[in-house]
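Given the sequences, and given the hints that come with them, work out the whole structure.
Going by my numbering, the sequence shown opens with residue 1, and the numbers climb by one from there.
A hint or two may mislead.
Straight-line C-alpha distance at most 27 Å; calculated DSSO-like pairs for lysine-lysine [as the list claims (entries may be wrong)]:
no.	residue 1	residue 2
1	Lys105	Lys116
2	Lys116	Lys95
3	Lys105	Lys87
4	Lys27	Lys87
I should point out that these hints are in silico values taken from the structure, not numbers from a laboratory.
This structure is a prediction, so every number in the text was calculated from the model and none was measured.
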Amino acid sequence: MAESVAVWLITIFAILTFTVVSAVEDKCAACYAVADELELGLSNEKPRNHLDMRNRLNSKGQREGKVIDYRVSELRVVELMDGLCEKMQDYTLQKMDSTRSLWVKVDNWDNLTANKQEARAYSNEITSYCGRLSKPMRS
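Structure follows, in structure tokens:
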């Protein structure tokens, strides 16, 4: 089930990638980096109970409403998306060769051997890109 949610979220990001015009370098790799961070969020997720939305009583004194499986709930998506773009600040673009680049997660910015100013600029770029991708989901 977690895999189907991940596939669903990745599909949404892929569709939005083509509809959102942006100046991020290597959009495909950026989208994969965002998807990787989402998958990391899914794998670190703690099991949750169903959401009990039965909060009112009927005339017989019985609770009315729905019980929603957390795995397919909107709350789960909101919690996964919350803070996602801030986590993208740990990523920068690494040039593999003249034709290929890859967004990589930086564990320690102090140990970075590349140009730190350029790396931070790329970090801001992917964070902004993530915000533009996820904006339709947050409205």
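Hints, verified against the model:
1. Lys105 <-> Lys116: holds (14 Å)
2. Lys116 <-> Lys95: Between Lys116 and Lys95 the Cα gap is close to 14 Å, so the pair holds against 27 Å.
3. Lys105 <-> Lys87: With a Cα-Cα distance of about 9 Å, the restraint between Lys105 and Lys87 holds, given a limit of 27 Å.
4. Lys27 <-> Lys87: holds (18 Å)
In this structure, none of the earlier numbered hints is contradicted; all agree with it.
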